[in-house]
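Chains G, E, X, H, V and D supply the protein sequences, listed in that same order.
Quick note on my numbering: the first sequence kicks off at 1 and runs consecutively.
Quick note on my numbering: the second sequence kicks off at 1 and runs consecutively.
Quick note on my numbering: the third sequence kicks off at 1 and runs consecutively.
Quick note on my numbering: the fourth sequence kicks off at 1 and runs consecutively.
Quick note on my numbering: the fifth sequence kicks off at 1 and runs consecutively.
Quick note on my numbering: the sixth sequence kicks off at 1 and runs consecutively.
No lab work stands behind these hints, which were simulated from the structure alone.
Among the hints, erroneous ones may be present.
Partial chain E-side listing against chain X, Cβ under 7 Å, derived [as the list claims (entries may be wrong)]:
id : residue
1  : MET1
2  : GLN2
3  : TYR4
4  : LEU36
5  : VAL66
6  : ALA68
7  : ALA69
8  : CYS95
9  : GLU96
10 : VAL98
Which residues of chain H face chain E? A partial, calculated answer using Cβ under 10 Å [stated by the list, open to error]:
id : residue
11 : MET173
12 : GLU175
13 : LEU306
Coverage of chain V stretches by chain D, computed from C-beta distances (three or more under 8 Å per stretch; other residues unrestricted) [stated by the list, open to error]:
id : region
14 : 12 to 24
15 : 208 to 214
As the structure is a prediction and not an experimental result, all values here were calculated from the model.
We treat Cβ as the ideally placed atom computed from N, Cα and C, and that holds for glycine.
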Amino acid sequence: MQTYPAKRIEIIIEAPLLHRLTRVLDQADVPGYTVLPVRAGSGRSGPWTREGQVTKAGGMNAVVLVCAADRASGILDAAYEVVAPHIGLVSITDCEVVRPERFE
Amino acid sequence: MQTYPAKRIEIIIEAPLLHRLTRVLDQADVPGYTVLPVRAGSGRSGPWTREGQVTKAGGMNAVVLVCAADRASGILDAAYEVVAPHIGLVSITDCEVVRPERFE
Amino acid sequence: MQTYPAKRIEIIIEAPLLHRLTRVLDQADVPGYTVLPVRAGSGRSGPWTREGQVTKAGGMNAVVLVCAADRASGILDAAYEVVAPHIGLVSITDCEVVRPERFE
Amino acid sequence: MEAIIALAAANLLSPNVLFFALGFAAAMARSDLSIPEAVAKGMSIYLLMAIGFKGGAGVAENGLTFQLGLALVAGAALSAAIPLIAFFLLRAISKLSVTDAAAVAAHYGSISIVTFVAMTSMLDTAGVEFEGFMVAVAAIMEAPAILTALFLVSGAKSGGAAQSRGKMDPELMREVMLNSSIVLLIGAFAIGWITGTEGLAKIEAFIVSPFQGVLCLFLLDMGLIAGRGMRDSRKYLAPPVILFGVMMPLIGAVLGLAVGNLIGLSVGGVAILMTLCASASYIAVPAAMRVALPEANPSIYLTLSLGVTFPFNLTVGISLYLALSQLVGG
Amino acid sequence: MEAIIALAAANLLSPNVLFFALGFAAAMARSDLSIPEAVAKGMSIYLLMAIGFKGGAGVAENGLTFQLGLALVAGAALSAAIPLIAFFLLRAISKLSVTDAAAVAAHYGSISIVTFVAMTSMLDTAGVEFEGFMVAVAAIMEAPAILTALFLVSGAKSGGAAQSRGKMDPELMREVMLNSSIVLLIGAFAIGWITGTEGLAKIEAFIVSPFQGVLCLFLLDMGLIAGRGMRDSRKYLAPPVILFGVMMPLIGAVLGLAVGNLIGLSVGGVAILMTLCASASYIAVPAAMRVALPEANPSIYLTLSLGVTFPFNLTVGISLYLALSQLVGG
Amino acid sequence: MEAIIALAAANLLSPNVLFFALGFAAAMARSDLSIPEAVAKGMSIYLLMAIGFKGGAGVAENGLTFQLGLALVAGAALSAAIPLIAFFLLRAISKLSVTDAAAVAAHYGSISIVTFVAMTSMLDTAGVEFEGFMVAVAAIMEAPAILTALFLVSGAKSGGAAQSRGKMDPELMREVMLNSSIVLLIGAFAIGWITGTEGLAKIEAFIVSPFQGVLCLFLLDMGLIAGRGMRDSRKYLAPPVILFGVMMPLIGAVLGLAVGNLIGLSVGGVAILMTLCASASYIAVPAAMRVALPEANPSIYLTLSLGVTFPFNLTVGISLYLALSQLVGG
Ligand SMILES: Nc1ncnc2c1ncn2[C@@H]1O[C@H](COP(=O)(O)O)[C@@H](O)[C@H]1O
Ligand SMILES: Nc1ncnc2c1ncn2[C@@H]1O[C@H](COP(=O)(O)O)[C@@H](O)[C@H]1O
Ligand SMILES: Nc1ncnc2c1ncn2[C@@H]1O[C@H](COP(=O)(O)O)[C@@H](O)[C@H]1O
Ligand code: NA
Ligand code: NA
Ligand code: NA
């Protein structure tokens with residue numbers, strides 16, 4: 001099957017900020033995104049886990065976004081502005097997709 | 001540690017179709033796959049979330065599958081046939097693995 | 001936005017071993033990691049699902065870890081020692097990050 | 001008329017409706033209030049288990065009459081027939097495509113088990129008896145509507161260069177028949193029937209006493225989902241479609257009223273059959289539609305069923321149906 | 001004095017405190033005991049729904065007095081004022097930065113609903129009456145403290161080249177006001193009020209009978225979280241900060257004692273107001289701080305609120321507050 | 001004999017067994033019925049908390065006898081000894097490897113708490129008293145079997161060029177001892193003991209009244225898991241292994257019968273000890289085996305324990321054990 005190059009952006013962001021991030025992504029008119037739950041983690045600010053938590057302050061979410069290569073930089077800028085002052089992580093991977101027009 | 005090139009296929013597919021997809025993957029004799037829950041998302045058909053849902057119609061799952069490079073195309077074809085008429089997404093990434101014989 | 005190359009290590013490991021893996025990662029002084037829940041899967045030892053389970057013996061977790069390219073091999077060695085005798089999977093992908101100093 | 005209004009007013013101010021309204025309002029106002037998916041599913045399982053078991057225990061006590069058979073046949077027939085009416089009504093008054101109209105129609109032939117529960121809760125409050133086996137009728141009405149809808153689509157398509165979509169493959173058939181809500185309802189019904197009042201006594205403190213409270217919490221969640229649906233997807237519903245979402249329950253209810261009286265159900269039983277006919281599915285049918293009719297837009301059928309018809313039935317419909325049943329049968 | 005000790009001893013050996021201690025000990029010992037997040041959230045929703053509803057039904061029965069208005073105003077004022085005291089105390093005795101001190105201060109102006117529930121459970125056991133509307137006071141005290149904290153930060157920053165952080169944007173305002181616990185408390189309170197004792201009778205078997213048991217299970221979870229926090233993050237708490245975590249509740253309680261008697265609350269009502277003043281938030285405020293003051297270290301405020309002040313209030317504080325209220329008002 | 005059959009028949013038609021059968025059948029028929037993991041874990045925590053607490057409250061009421069100590073020692077010894085029998089039986093009749101046989105053996109020395117609960121539920125129905133402290137015996141029997149199994153493997157391996165696998169490191173020891181079910185059982189037992197009947201009265205409406213119903217729902221889930229296991233993994237179980245899954249409970253039960261009467265337990269207590277000996281673990285031991293004996297195939301031990309022995313005990317075993325205990329001790 002013929003595939004076309006695209007970019008996969010993965011953002012890990014603290015739960016209270018998720019809605020702000022998705023709002024910014026919506027405004028940037030991204031082709032779509034998917035939010036995955038995160039169970040636990042560790043970073044500069046130490047370990048945490050979601051088990052038994054009733055507060056969402058300590059939780060994280062993973063946001064995965066596939067887009068055309070030429071859109072990646074703009075989306076990254078928009079996302080980064082939300083993530084930068086907060087706990088979080090952004091990484092970008094090259095990937096291939098089947099219907100490139102869907103990711104413009 | 002010595003690593004070998006392989007392919008990582010990531011499929012996001014709506015929940016009611018998951019079993020059909022995994023059946024097709026089983027039939028294609030894939031080396032394995034892993035299903036991750038998806039909490040929320042947005043795409044051409046608008047935003048959705050899993051919170052409070054009792055219906056699985058609106059939910060999605062992420063299926064991750066690592067395989068040898070030469071098997072990727074065949075697996076992709078098989079998976080794509082299930083995904084194509086439905087809401088969903090397929091992307092492929094180059095990756096490295098430690099024991100290549102496991103992914104044949 | 002300027003980005004820098006890094007490595008994304010993804011480990012799928014059975015639930016009873018998770019704490020041993022994260023302990024080893026902590027000892028290897030990794031820059032951080034994120035644990036995602038896994039809902040179901042299939043491999044050489046057949047299919048499984050988390051639904052309704054009260055035992056954690058059969059469950060899996062996905063651990064994602066982004067690190068500088070020169071640290072990947074060492075971390076991989078450390079992780080692999082825990083994963084090797086058990087059910088699990090390690091894959092490495094090239095990725096790009098924004099603040100490379102965070103992943104040393 | 002006065003009695004109807006009194007009934008409706010009492011219903012509108014019941015904890016059930018108020019918790020639903022709370023959820024609806026919270027979602028509309030974009031509050032972050034939400035019930036975890038696992039808890040919502042747990043409550044849904046609890047409600048199905050409880051009403052199934054109670055229905056079965058009721059049959060164990062009162063004995064099974066010839067009417068059960070009649071009611072099952074009638075339920076299946078209604079579930080299969082209502083989508084036809086719904087489909088042609090939709091095609092006449094709205095601009096929905098054949099596929100979208102058929103998908104919506106399937107939802108209205110099938111049933112909403114929470115609306116059923118809300119009606120039984122109202123009957124309990126009003127002290128009106130009803131046949132325990134109605135829960136089996138509810139279970140049997142889940143699926144036939146799906147077949148009708150697929151038949152409608154394949155019929156419409158056979159004219160042109162139809163895709164192979166819209167066909168009921170055996171796999172889907174099995175999935176629909178062994179759908180979790182059908183299995184749980186029928187299973188708990190059978191267990192209630194086998195173990196009877198003795199079994200009921202054993203688990204009464206779990207499935208009877210806290211039932212009303214769990215229902216309130218579940219309706220809070222339904223309100224949140226319905227409100228979120230209306231907030232995000234109202235744009236998919238043209239005015240004629242919304243109108244359909246209110247008209248169709250009334251048409252269904254009238255059919256249920258006629259058939260229920262024909263087969264000699266009690267006043268409470270008729271009210272329940274009306275409710276089943278009037279309500280629209282939001283669990284079994286949407287999942288089946290995603291598989292069988294993927295081109296149909298889920299934002300239309302889910303929003304209509306959950307955001308329009310469910311609230312209508314819960315707030316106004318069920319009081320009306322009970323009043324009508326009392327008027328005709330009482 | 002003897003009475004206080006008896007009360008404290010009875011409290012220390014209550015299932016509530018013992019289950020909390022079990023969780024705390026299990027977490028400290030690194031047991032893998034844990035409550036799923038969804039179940040913990042479900043219990044939290046249950047507790048909010050139950051106390052809201054019961055409070056509202058209480059108001060429906062006893063009528064609403066002028067005092068409700070007074071108590072709401074007093075609660076809001078206390079929530080806004082306490083962070084000022086907390087902030088200056090912290091800056092005086094500890095080395096926390098302005099931002100960290102302000103973030104901690106916000107938590108102490110706001111409230112912990114589980115501490116509130118533990119106090120009502122103690123009052124029920126002791127047979128002391130209290131005003132049903134105190135639950136509305138609890139709801140109103142959630143938010144004002146956040147505003148004070150942000151004001152403190154922006155004040156401190158205006159001297160230098162301040163970042164734009166620490167500002168309350170309208171979006172955050174809406175989020176805080178429509179926070180899930182506020183919406184649920186106030187919503188259930190209103191529904192309890194509207195449906196009154198009749199509504200309560202309907203769902204009593206759900207929200208009243210099992211309440212104490214659910215609370216025990218929830219406190220087990222709180223113990224697990226608190227213990228895990230202390231295990232992993234004790235290092236972030238310097239001794240003066242820990243001292244603050246025990247002193248501040250006492251200061252808050254004394255304020256609550258004074259104000260509660262001033263506005264003429266009953267002995268039980270005063271004890272509750274003291275508890276609200278003495279307790280520190282761990283749901284609404286931390287989330288708001290992550291948005292508005294991201295530089296503040298969550299390990300400090302969460303560990304202090306959950307690992308120090310919550311256990312102190314649960315084990316020692318609430319007995320003390322009730323005893324003091326009885327001493328002054330009885 | 002007649003009494004046994006009557007007991008067995010009553011058990012087979014109890015809601016407990018029927019809900020288990022419903023789950024089993026649904027899974028075999030590939031229904032999509034499933035209980036969310038979080039809800040299943042929540043129910044499991046509830047059951048452990050409830051039986052622990054009730055056991056402790058029972059001890060508080062009846063006083064603690066010398067027998068508790070005896071029973072604990074006997075339980076630990078049985079848990080350590082049974083794997084030896086199981087191991088040599090398996091090696092004799094099946095072709096399982098040393099590692100697989102040892103892993104299976106560990107499961108049969110340890111216990112299944114739900115089987116324990118099913119037995120106490122049967123005793124309650126039959127009006128047979130039993131010692132509250134049996135729940136502590138259950139807790140103590142969880143772990144020793146694991147040590148025996150690891151000893152068996154290291155013994156077998158020391159002959160050749162053994163890997164370093166199969167050793168009990170201190171970390172695993174801590175994990176096993178502080179396993180969530182042990183902590184919760186013992187913790188709730190202690191709290192029940194400390195707070196006594198007064199504490200029980202407080203939370204009775206949560207841990208006693210709905211208990212039977214929650215157990216039914218939990219058994220539905222157990223049925224689903226067992227059925228799914230049998231469907232997917234029956235192929236891993238050779239006929240001799242399946243035979244073992246039915247024989248071993250009987251051997252264990254006879255041992256329990258002898259020891260229980262030797263140490264002078266009541267008829268109900270003996271029946272429970274038999275059940276503990278007869279049942280096989282599916283929570284604590286599988287997790288420990290994954291860590292300590294990763295080469296052992298989980299499809300064998302999990303399917304055998306959950307798919308063969310658990311259903312056997314639930315449907316036939318427990319009636320038999322009670323009947324035998326009554327025969328010998330009554
Ligand atoms: N290098 C990393 N790889 C994967 N996840 C990370 C990494 N660093 C941080 N995280 C995630 O981001 C969260 C916050 O990180 P930090 O701000 O460094 O404490 C952690 O708890 C992890 O879930
Ligand atoms: N570009 C994308 N990147 C990541 N996830 C996507 C993307 N597009 C769609 N999705 C996911 O697929 C679902 C359905 O997409 P759609 O069919 O475009 O509505 C969305 O709700 C997302 O969860
Ligand atoms: N090739 C693969 N791609 C993705 N996940 C895999 C793969 N192989 C195994 N897994 C995951 O690892 C688990 C155990 O694999 P195995 O040890 O092969 O049975 C499976 O149940 C899957 O969740
Ligand atoms: Na209908
Ligand atoms: Na406070
Ligand atoms: Na045993």
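#### Entry: Hints violated by the structure (numbers, ascending)
Failing hints, ascending: 2, 3, 6, 7 and 11.
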